[in-house]
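Peer 1: Residue strings, one per chain:
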Amino acid sequence: MFAQFVFALREAGVPASITEYLTLLGAMQQGVADYSVEDFYFLSRATLVKDERHLDRFDRVFGQVFRGLEATAAEGAPGGPEMRDLPTEWLRRMAEKHLTAEERAQVEALGGFDKLMETLRKRLAEQQGRHQGGSKWIGTAGTSPFGAYGYNPEGVRIGQEGSRHRRAVKVWDKREFRDLDDGVELGTRNIKLALRRLRRFARQGAATELDMPGTIRATAHNAGSLDLKMVPERHNAVKVLLFLDVGGSMDDHVRASEELFSAARSEFKHLAFYYFHNCPYERVWQHNHRRRDDTIPTEQVIRTYGPDYRAIFVGDATMSPYEIAAPGGSVEHWNDEAGAAWMTRLLGQWRRSAWLNPVPRAEWDGAHSIAMVRRLMEDRMYPLTPGGLDEMIRELGR
Amino acid sequence: MSGFKSTERYIASRDLEVAVNAAVALQRPLLVKGEPGTGKTVLAQEVAAALGYPLVEWHVKSTTKAQQGLYEYDAVSRLRDSQLGDPKVADIANYIVRGKLWDAFDADEPQVVLIDEIDKADIEFPNDLLLELDRMQFFVYETRRTVAAKHRPVVIITSNNEKELPDAFLRRCFFHYIRFPDRATMERIVEAHYPGLQHELAREALNVFFQVREVPGLKKKPATSELLDWLKLLMIEDLPPEALRSREPHLVIPPLHGALLKNEQDVHLFERLAFLNRRGA
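One line per chain: the protein sequences are P and Y, in this order.
0 is the number of the first residue of the first sequence in numbering that gives the first Met the number 0; add one for each residue after it.
0 is the number of the first residue of the second sequence in numbering that gives the first Met the number 0; add one for each residue after it.
The following block holds chain Y by itself, in its conformation from the complex (with noise of 0.2 Å):
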């Protein structure tokens, strides 16, 4: 079968292609973990764009309710109308408001459904769409109907690792956790997301940023999108490689770290490294 693979954007793991592959055959969802900023959120993407389907994306928060994704019944605007005599208000259909599972239900042509970091939701919140997600169907008590898919969509469901999923979840999932990409691949990202980087400046930059990841105690560890991020800097900067050439072996801060280190104290740790090092040398 032909299915999902890497493209010139993404560079994804055969396990990875394996994984989405079984999702979309069984008509699954596809549950996606991994380190932030390793690619989960723009995997949806990638996935409706090879299999040639539009994407919706729900994004979930911490006040997300599951009944959300399904459909809201706006009682407060059915009050009001009440009130101001709108004979809208005889039909409560009306006041049905249609959530994005409702609408990827509901098109036509199938979907890739992204359910982006559902572990940032109430505890509750899978337990509450198991049977949607299974049977691709739910009922709308208001108006007594059921809305079921058309077209089972492929629905892509990422985490963060902020709750523990229940069970009776998981068992209805396909599940991929995104390693930390290698050197190789990483050089592979780096070539698809800037094609006419300078080789050298590639290469130092991976060196000092591997070196980063590898320092300990760091409390955020950069991820891929943080690399990219950091090479457009170097690149609008117009920095020569030898620039990221470490005079001695040792570390020093990385011009630009801004875009790689994203929190006070790292920066401080590090410049209490660097400050160690040329005392040391």
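This is chain P alone, in the form it adopts within the complex (with noise of 0.2 Å):
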């Protein structure tokens, strides 16, 4: 009955499965949800999503799949004046896709926004009627790119406010979980749940032990007669080097990465903090406000933490390819061995390693320098969100 939102769940990232369909199912037949759309977004919500991180996703899956369902089931009957209003609606709609880049890129998939809103307009007069599935017209449940809840990934959602219906905002469509998806940039509330991810990674193999062999010992010297003896736990040695870009348009990024990993000191006992500008070059330094007059030699750095230690760089790695390819090429100073030596000596150095870029997944083939990186690191760039540093630490943890 409900296997086509189940698949389209599966489909947007929402991993719902079988057992838990069925479950839905055997909650449905027990009257948990009591013939209440509301009642049975709020059932099947706690039933197929299982981690905070997916609410979002699973809203606007809900949202897509069951809109068309509750209109047809409230007005029977297709209408038709209400369409009048949408051109409205749509262009604040277009607004709010405005909103990300992400968005826009779908709306570039149709030819671009100006190519997109003249082809609404002639299919606005093209129309008459309210219309429903099919894949040309506007309205609900079909295939074109305009109406709402639709199939069309880039379609432009008409009308999915309840203002048709004249009721308030439905619960789904409030996206009240909007920050809690893993796609995010790091936030407070975020940063907590990736520290989260740092933990599992520091606490391998940490337990209170009973010492065996010296237990077995102990009881023999004491004729038999039981002495327990105990190992002291073991500690997380995970040791963690980090090198911050600063400066330009990292500076937001830093005080949010920084915040990340100043928590995650008591974690690691051994953690080392350095700066530099947009790319390694022969120097690098410890505080930002003593940058220029003291810093300290990379090639000391390098002699200093052995390779047993993990390096992670944080920054943007959005520069002119100059700074990573050329000798001279730094913004800031003569550097005489270009960017890349430096990175492939740190990397040689420093065999697990990884770049934490603050800069989306989607933008990074934008960037010909990003690219760059990406080479020299072996294809080990993350983004700075919840998602992509667990992405590093399974790297990291091998």
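Hints are computed from structural coordinates only; laboratory data are not their basis.
Be careful, since some hints might not be right.
[As the list claims (entries may be wrong)] Straight line, CA to CA, 30 Å or less: simulated DSS-like cross-link-like pairs of lysine-lysine:
#	chain 1	residue 1	chain 2	residue 2
1	P	Lys228	Y	Lys119
2	Y	Lys60	P	Lys228
3	Y	Lys4	Y	Lys32
4	Y	Lys87	P	Lys228
5	Y	Lys219	P	Lys238
6	P	Lys238	Y	Lys99
7	Y	Lys218	P	Lys238
8	P	Lys228	Y	Lys218
9	Y	Lys87	P	Lys238
10	Y	Lys60	Y	Lys162
11	Y	Lys162	P	Lys238
12	P	Lys228	Y	Lys99
13	P	Lys238	Y	Lys4
Make the complex out of the two chains shown on their own, each in a separate frame, by following the hints.
Peer 2: And the structure:
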């Protein structure tokens, strides 16, 4: 009955399984949802979503799949006149679309904003009544790029909110869980989530243990009466070396990443910070306000920290390609050797390394320098989001 | 069906009610997540009260093993007894110590079991309870006996999100994420806890409270339980509502802030902001 819904969820990246689907049907049978759409929403959410990061995706899919059904149920025969107020609604939606680059890219897929708008105008002129289903006209539940709750990913959502039915906004349309999605950048809450991941990586092998050989030896010494011996808990020995890009576009991101890693300090017994600008060269520094007179030769850093350290670079890697490829390319000083040479040297010392990039992954292809750094890092570049951190930690934990 | 509803003491949102009732109807565990202090643990007590079942609480710590919830074989006492020649030694059942789940399974009436803060335990902990929570039974190796639940208990599991829980475990649960209550809900919660509270004081306190939560960069945002503690303090101190009203629209350190801000960095942040405000004014 709701199989299509489950498939749509899986497509959107919510890992719902058959077990959960059956549970949902079981609960429906027991009358938990009581035939109210809102209760059904709550019930299916409790059954199919098991991680708050997926709640937002769930809300979106729920809206897409069930809005069409509800509209049909509520109105019976398709109506007509309410289509007239679409353009304003649509324009407002369009403005919303301009909020994220991701959605901008989606508009581009149809030949750009202007093209889309023009096409919509044309279709509006041609189209007379309300339309549902189908692949061309504006309406609900179709595959045309225009209309609500259709299947065209590039579609413009028209009339998705409750105004057509003169009702309040639906719960799932409020999308209150938006900030829990793991595609978003690190906020204070998300930092906590990311920290948890670092901890998992840091806690490997920690346990309070009974020292069996010691106990047996001591018990034997005691003529057979029991003498328990314990060994101390093994501590986390993960060593982390952090290189942070500062200045320019990085300022906001550094604060976020510093917050993250200074909070992680208690977890990592060995954690060291160094700063660089755009690309590491022959000198790095530890205090930003004294960076002019208190720099440390990169050579010395390489000598100080052994290969058992894991090196994490945090930077947007957005610069002129010369800053990586050519001697003298640095924007701040004359460098005898190219940034790439220094990167290679650093990566030679710390095999387990990764680059965290606060720039969203979708935009990486836009900058040539990002591609260059990625190549240098042998593709170990991850976005600075909880999801990206997770990937990085998996890579570093190997 | 009747089931679980908001009570005078516990304000549950509709989605929470649905989740609890689904878990009760299908006899599956309910996993509850949310910010600390939003009433996850209290939920179990309220569900127990609403259904009229006794509550078995199992608080998980970092050293807790799944086995401890079922039973433990106390080999050390048995060894000692054997050295002292105690006749009890012959029967191994004398050294099986029952865990919380065994107690709940063995009870003559249905129980509500709270497994509190499951994320504190080792990463394998939830996996070790898969079968037990699914079938509500387990096998005692030492005595070759299967313990099955006489009545499937209502299991409520809370998590503070410190560890990711395994998929296989999640698939068997219902899930609810307790969102931080909005202002209207918060007013109901305050009313539920302190019915006699002056209207004026409650309003001012909520203003301050939501203002504090808005401050960017707080390490630990105060949650519902902090608000309730703070209100209690305000009532004991008998502060007039005017004391909470800041003279300027800017922010000042609220009186008795110790109940709201739980670490010194946050208090410092506040002092710094208040100082800047004063200087700016």
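Peer 1: Would you list, in rising numerical order, the hints stated earlier that this structure does not obey?
Peer 2: Structure breaks hints 6, 8, 9, 13.
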